[in-house]
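Engineer: Be aware that the sequence shown starts at 0, since it is given in numbering that gives the first Met the number 0, and climbs by one per residue.
In short, the hints are calculated from the structure, not lab data. A couple of the hints might just be wrong.
[What the hints assert, rightly or not] What follows is a list of derived Cβ distance ranges for each label pair:
# : residue 1 : residue 2 : range
1 : Thr-37    : Gln-83    : 24 to 32 Å
2 : Gly-153   : Glu-78    : 19 to 27 Å
3 : Phe-58    : His-103   : 56 to 64 Å
4 : Pro-99    : Asp-62    : 48 to 56 Å
5 : Pro-91    : Cys-134   : 38 to 46 Å
6 : Glu-112   : Phe-58    : 35 to 43 Å
7 : Ser-158   : Glu-112   : 18 to 26 Å
8 : Gly-111   : Gln-83    : 43 to 51 Å
[Stated by the list, open to error] Quick list of in silico lysine-lysine cross-link-like pairs, BS3-like style, CA-CA up to 27 Å:
#  : residue 1 : residue 2
9  : Lys-154   : Lys-115
10 : Lys-115   : Lys-146
11 : Lys-115   : Lys-151
12 : Lys-154   : Lys-132
13 : Lys-151   : Lys-132
Here a beta-carbon is modelled for each residue, glycine too, at the ideal position from N, C-alpha and C.
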Amino acid sequence: MRVLPRYTVNHLLRLGLLSLLRYSLSFLRCCYFKWWATIFSALCLGGCSQPALSSFLEFIDEDYTAAAHLGIDRGCVVESVGQQLVVTWGLPTCFRDSLPMVLHVWVYYGNGETEKFSYDVQHLSGYQVYLLKDCDYQERQGIISYKVSLTKDGKEILSRNHHLWMEVISLKAFDQTS
């Protein structure tokens with residue numbers, strides 16, 4: 000029975016096969032990476048991603064000012080208190096033909112009033128800030144809830160609302176229908 004010789008690293012080094020094996024493995028690793036990277040890019044970039052609409056409510060007080068963040072004396076700064084509603088949107092490129100759109104914002108105040116604002120949307124991504132501060136904030140008793148909606152030709156594309164948002168039923172409208 001014939002026993003095959005066992006090659007050690009030294010034998011492979013002498014034969015030059017170890018460096019050939021290293022080069023071939025690194026070549027295969029590089030090709031394998033490029034192949035998977037191509038497939039991953041095609042899957043991720045080939046389709047139309049989901050549109051995004053987000054919003055949050057933020058309180059504004061004397062610590063919100065630039066002077067407070069920079070540590071500047073606030074003696075000459077008029078203190079303001081209030082709230083701001085920040086709405087951001089990000090639309091995929093397949094929505095480019097749908098531009099311009101309209102962003103509708105409904106705000107429900109602490110004093111029971113409801114107000115609607117409309118803003119033109121000309122770009123696929125952006126933000127809009129609604130600011131309520133000082134006398135308006137005190138008079139309306141702050142923002143309790145809100146709803147934002149992105150529409151095209153009156154048809155709603157995206158919508159998001161605060162967790163306390165409810166459609167308000169006016170008693171005046173109810174009395175007029177009866």
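Engineer: Each hint needs a verdict: does it hold in this structure or not?
Structural biologist: Here is what the structure says about each hint:
1. The hint said 24 to 32 Å for the Cβ distance between Thr-37 and Gln-83, and at roughly 45 Å that hint is violated.
2. Separation of Gly-153 from Glu-78 is about 42 Å and departs from the stated range, judged on CB atoms against 19 to 27 Å.
3. A hinted range of 56 to 64 Å is violated for the C-beta pair Phe-58 and His-103, which are about 24 Å apart.
4. Take Pro-99 and Asp-62: their Cβ atoms lie about 37 Å apart, and the range 48 to 56 Å is violated.
5. Between Pro-91 and Cys-134 the C-beta distance comes to about 41 Å, which sits within the given range of 38 to 46 Å.
6. Taken as a hint, the range 35 to 43 Å is violated for the pair Glu-112 and Phe-58, whose Cβ atoms sit roughly 19 Å apart.
7. Between Ser-158 and Glu-112 the beta carbon distance is about 21 Å. The supplied range of 18 to 26 Å therefore holds.
8. For Gly-111 paired with Gln-83, a C-beta distance near 21 Å fails the hint of 43 to 51 Å.
9. Only pairs whose Cα atoms come within 27 Å are accepted, and Lys-154 paired with Lys-115 is accepted, the gap being roughly 17 Å.
10. Of the pairs offered as hints, the one joining Lys-115 and Lys-146 holds, with about 9 Å between alpha carbons and a cut-off of 27 Å not exceeded.
11. For the proposed pair Lys-115 and Lys-151, the alpha carbon gap of about 17 Å is at most 27 Å, so the pair holds.
12. With a CA separation close to 32 Å, the supplied pair Lys-154 and Lys-132 exceeds the 27 Å bound.
13. Under the criterion of a C-alpha separation no larger than 27 Å, the hint pairing Lys-151 with Lys-132 is inconsistent with the structure, at around 31 Å.
In the structure shown, a violation is registered for the earlier hints numbered 1, 2, 3, 4, 6, 8, 12, 13, in ascending order.
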